[in-house]
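Undergrad: Protein chains in written order, with this note's numbering: chain A, 1 to 340; chain B, 341 to 711.
If you are wondering where the hints come from, they were derived from the structure by calculation, not from laboratory data.
Take the hints with a grain of salt, since some may be wrong.
Unchecked claim - Distance condition first, Cα-Cα at most 30 angstroms in a straight line; then the derived DSSO-like pairs of lysine-lysine:
no.: 1; chain 1: B; residue 1: K371; chain 2: B; residue 2: K536
no.: 2; chain 1: A; residue 1: K291; chain 2: B; residue 2: K532
no.: 3; chain 1: B; residue 1: K371; chain 2: B; residue 2: K532
no.: 4; chain 1: B; residue 1: K428; chain 2: A; residue 2: K291
no.: 5; chain 1: B; residue 1: K519; chain 2: B; residue 2: K532
no.: 6; chain 1: B; residue 1: K519; chain 2: B; residue 2: K617
As the list claims (entries may be wrong) - If the Cβ cut is set under 7 angstroms, some of the chain A residues that face chain B in the computed set are:
no.: 7; residue: G189
no.: 8; residue: E266
no.: 9; residue: M270
This one's a predicted model, so the numbers in the text were calculated from it and none came from an experiment.
Even glycine gets a Cβ: it sits at the ideal position worked out from N, Cα and C.
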Amino acid sequence: MHEALDAGGNPSAVHASGRRAKRHLEDAREMVADVAGTCPDRVVFTSGGTEANALALHGRRVLASAVEHPAVLRHPHTLGERLPVDAAGCVRVEAVARMVVATGADTVAVMAANNETGVIQPLAAVRDALPEGVNLHVDAVQVPGRLDLAPLVAQADSLALSSHKVGGPAGAGALILAPGFEPVLLIAGGGQERGLRGGTENVPAAAGFAAALTAIDANEIARVRELRSRLEAGLRALVANLVVLGDGAPRLINTLAVTAPGWRAERLLMALDLAGVAVSSGAACSSGTVKRSHVLEAMGVCDDLIDGMLRFSLGWSTIEADIDEALARIAPILGRRRAA
Amino acid sequence: MTGFDELPTGARVVVAMSGGVDSAVAAALAKRRGLDVVGITLQLYDHGAAVGRKGACCAGQDIYDARRVADQLQIPHYVLDFEERFRKTVINDFADSYAQGRTPIPCVRCNQRIKFGDLFAIADDLGAAALVTGHYARRLPGPELHRAVDASRDQTYFLAQTTPAQLERLRFPLGALLKREVRRLADELGLKVAAKPESRDICFVPSGHYSEVVRRLRPDAAEPGPIVDVDGREVGTHGGLANYTVGQRRGLGVATGQPLYVLGLERERRAVVVGPKRALVVPAFRVNEVNQLVAHDALVGPVEVKHRAHEAAVAARLEPDSDGIRVVLGEPGFGIAPGQACVVYSGSRVLAGGFIDHVETARPVAQPASA
Chain A
1 MHEALDAGGN PSAVHASGRR AKRHLEDARE MVADVAGTCP DRVVFTSGGT
51 EANALALHGR RVLASAVEHP AVLRHPHTLG ERLPVDAAGC VRVEAVARMV
101 VATGADTVAV MAANNETGVI QPLAAVRDAL PEGVNLHVDA VQVPGRLDLA
151 PLVAQADSLA LSSHKVGGPA GAGALILAPG FEPVLLIAGG GQERGLRGGT
201 ENVPAAAGFA AALTAIDANE IARVRELRSR LEAGLRALVA NLVVLGDGAP
251 RLINTLAVTA PGWRAERLLM ALDLAGVAVS SGAACSSGTV KRSHVLEAMG
301 VCDDLIDGML RFSLGWSTIE ADIDEALARI APILGRRRAA
Chain B
341 MTGFDELPTG ARVVVAMSGG VDSAVAAALA KRRGLDVVGI TLQLYDHGAA
391 VGRKGACCAG QDIYDARRVA DQLQIPHYVL DFEERFRKTV INDFADSYAQ
441 GRTPIPCVRC NQRIKFGDLF AIADDLGAAA LVTGHYARRL PGPELHRAVD
491 ASRDQTYFLA QTTPAQLERL RFPLGALLKR EVRRLADELG LKVAAKPESR
541 DICFVPSGHY SEVVRRLRPD AAEPGPIVDV DGREVGTHGG LANYTVGQRR
591 GLGVATGQPL YVLGLERERR AVVVGPKRAL VVPAFRVNEV NQLVAHDALV
641 GPVEVKHRAH EAAVAARLEP DSDGIRVVLG EPGFGIAPGQ ACVVYSGSRV
691 LAGGFIDHVE TARPVAQPAS A
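Chain B with its partners taken away, still in its complex shape (with noise of 0.2 angstroms):
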């Protein structure tokens, strides 16, 4: 089983436990291999209030669930409170960055603070040589971080901000995994959660109306405010800034006779850019924050950048300078959003990942203020 470079039989191994099937065959993989494992659960959110329910004083079923999967594996298992913590670090920020008209990624900020931030200071705690997670990614000796083997579930772009320093301690034993592999070894080592279904895409926002957390956390992004044309002019106004992202279609309430779309958030006149579809065609933009995988040599020459979640990688040039990158798409791109993720790929393997910042148009659009 490959996953477990350079860690001798009997090293102990922290296994961060979600409660899903991904982490709980990683967990049982690191078991199979001879590594002392530990189980650890984070609560991150108090379930009750996240689904509206008073009172529940636990994180629900995938706390229990990874419970039980630790008890089936025999390994110690702890659950720490990270609620205060991941409110401040993951849900604010997100809430915050709709209310300044960006689009937040908050899985992103998740594994680059909570689960490669703190879980590092506990597995230093617990004396542990590595930290195991269930992210379909591969770390290759160096580090090297790369694609997933199955390209439908590969997470680089969740993991793009990891630094050199983590990578070097982190293990993703299912990187060179197939999903349906996954689910087959859960079913074989007859794990309890081998028939889960997948998690939602925002874990805290369970109904995925992810526009109702941000309207309470941040009251002022629900404020109404005027729906403009690339002129200025105003075409009708809309319900708070939380409702929309940049190349949204739907739910603008307008009709000009043709199809509009967003095109920018203004935070300081609270106004919705609306234009059509040409007018979101974005030839560069910039990335700032940016984690550095490889020397800055490497970063010239041809790239692929992915620039959203569920797109594929993109032909793109890159001009690195001392504050971040510059992006230069092969092919312009439509709909690129400040807030989102940028991961950039040569082949399988991450270069850089940070976040735009600025993104550059054919046209004058105010952008919004850098967070």
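Next up, chain A with everything else stripped away, as it sits in the complex (with noise of 0.2 angstroms):
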């Protein structure tokens, strides 16, 4: 990867220095496919996951749950009505068929697993539910390293990755492309990416996309899991009233979305962030305001409890101790608000 860092060159270019940018580039190219269980010319590097998802939608006619993210959601090409999802956040597969033909869709947008929650979504059984010739497109950005991408792949007709996501350079990303799947053209150019992306791929994000990918530790998962149960139970035992979002349905590992009735989510996180603790609510706004989730509203959670909404994500480099810390730092803040 750092030799991908170093060199310069443009990937289509026939002399040395191309050849070499090339080189790094299917590289990198090989290393994804490996990871998604697919063959590499199945793989398109994008600018990340949202240009990802945007290459699978463009040019249909696309019915998403009501808990995609905001890439899905507000794509030109995503129909207004909604596949509706359960209390945990689960998509109602029951509606799947139904809505299909009501809608007129050519693709089902599901996400593997929520942003917000961390709901796993039961792709498999969306996939049985769908109409013959209708797509399932699938933004996987949340899960590499928390789930087995290769049986999701197989699941799907297009599925979206983002490097950052998995601890790689922002501003790369990739679209996996179920065999006989063809995206109708995004960004046309000079015939880069089997022509399906035009533009210089940007080689060092690719590289460095491909290499946070394959660097992650499977055995790993099983101590994230234990920390978040920590944190869980530390949190429980501070708020008795405490709310685990998606409670009752399989959550990713790392992920755990908290509410309780009277929090106001946008102060406590400037609260803990002064103490040092990164939390975050639902979607952010780019103005840095917190705006009032879709997935919790989508879930039918009353509004005094989506206004409290917490997300606390944890990263392969938390240990115990940042579980406690945080917890005692934690503490006095919900104490405050009591005594307020």
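With the hints as a guide, dock the two chains, each given alone in a separate frame, to form the complex.
TA: This is the structure we're talking about:
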């Protein structure tokens, strides 16, 4: 990867530096394909998860689940109708076939796991419910390193990945295509990426993405899950009426979304940040304010609880002492609110 | 540097940062004083909607500027979404007041309910000892509220609804400075907003055409009605109460040979009452929603009152009672409108503030219903 960062060169060029860049790019493509359980020619590098989603959805008639990321929900070719979810945040599989017919959708978009709650979607069941000829697009940016990618790729016609979500550089991503699935051209150009995505490839970013994706140690999954349980138990001990969002559904091992009556997320976020605890709420607006979570709304969570949603994300570098330290810093802040 | 009395070094303070030069300098001074500064900007309205552009998610340049200044000062900074709260408590109140024939003063409501209401709750959440703003006013130990040293910038008229308990925890570091000193400080500190122009009168009416905002929120305020003279004779028609304020001369479209002024707005008949300038004379008026910053006894005696944002205070005598204060002007005033704020001063000190409710005139004119 370091070599790829040092090497300049246009991978489409014929000269030596171009060939070197091309080699790094194709190495990266093979690495991503390996992790995804597919062939290198089914991997299209993009500028990130958002563009990967956009390329998959462009020119189609898309029925998306109500809990998708804005990259999917706000795509201009995504219909206003939404696939509903249940109270735990799982897509209602029984609604899929009926809504596809009613809307005339040719593509259904269901994410592998939700970015706010970590809830894992029943993709195999969704796939089974799809009428013949309807494509399944899977936004999988949340899952590498937390779920095995290959079985998801096997369900999907197209699957979006993002580099920075796995610790790679921002500005890289990929769309994985099922055999026989051809995206509608979104960015025309000089025939790069087998003519599917124009523009000179960002070789260092692709190499960094591939390196990060392959560096994930599957043995860490159990350790992180254990830490998440420790955090969850600690928060429950602090807050008697804590609500864990997606409780009862399968969830990603590193995500914990909680709320409690009377909490105001944007205020708690500030106090926690000042105490050195980095927590998120729903989707962050570009102005930096906290916007109401469309995911929790879709789950039918009541307004008071939506406004209190806090999301803790654990990383590979998180250790047990970090969890205890975070809990020690959180305790007086929740205590201050009670006293107020 | 004055303005941070009674705060130990290292104490946490919240600075309300609007994105303008004044609050930026206030934050910089707090930082220089060695305080633990947290900047907060309230997103009060959808900038895109206010200027008629769709799809803008952000409040535009001011929030961006506030964040850039906070970055520059290396202080934590947060933006809070107050759109809904601001719409409900300030913008709707503004439109409703106009629809009732009153002349509202939204900045006072905003200071009273949002800046010094909600921001204090947030300061509590963050364990802050004080709330700092870039207002031109002085808080002296006591606490007492005094006019700013820079008389041309003094904002005490907009701050007189501040309660003693709020004042205890407020700090106004610009109160002892002249505006040009503030600009010079911004320049010296290299603040990114040093050359930024002054903000507008009413932040959520960027075009300055407040009647358009009122029309949108309260269509009834744009319904036509009669223009009547003091004897009740109809002399014309108007295009909605929202277009008129007491004391206004232009835009009546009625020619009677002598200059006509708006004397009052009658919500019931939806009438604009007009007459000669002398009929605007007001010897006394009542003030309600009184916020007292001194004991009741201190209100008796010669005082000055300011009943319009852009006019000087005038001599008056007060008759306080259980519901409010009757203000008897030393010299009769002109064009005094229900809904405006009235602030009572003794020298530089603010004694009390309230809202003009009922205007006594030399002639019988129906009064708008109390809100």
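Undergrad: Now, for every hint given, state plainly whether the structure supports it.
TA: Results of checking the hints against the structure:
1. K371/B x K536/B: 21 angstroms, holds
2. K291/A x K532/B: 28 angstroms, holds
3. K371/B x K532/B: It holds: about 16 angstroms lies between the C-alpha atoms, which stays within 30 angstroms.
4. K428/B x K291/A: 18 angstroms, holds
5. K519/B x K532/B: Given pair K519/B, K532/B holds - Cα atoms ~17 angstroms apart, limit 30 angstroms.
6. K519/B x K617/B: Status violated; Cα separation ~36 angstroms.
7. G189: 28 angstroms, violated
8. E266: Holds. Min distance 6 angstroms.
9. M270: 5 angstroms, holds
The structure is inconsistent with the numbered hints 6 and 7, although it conforms to all the rest.
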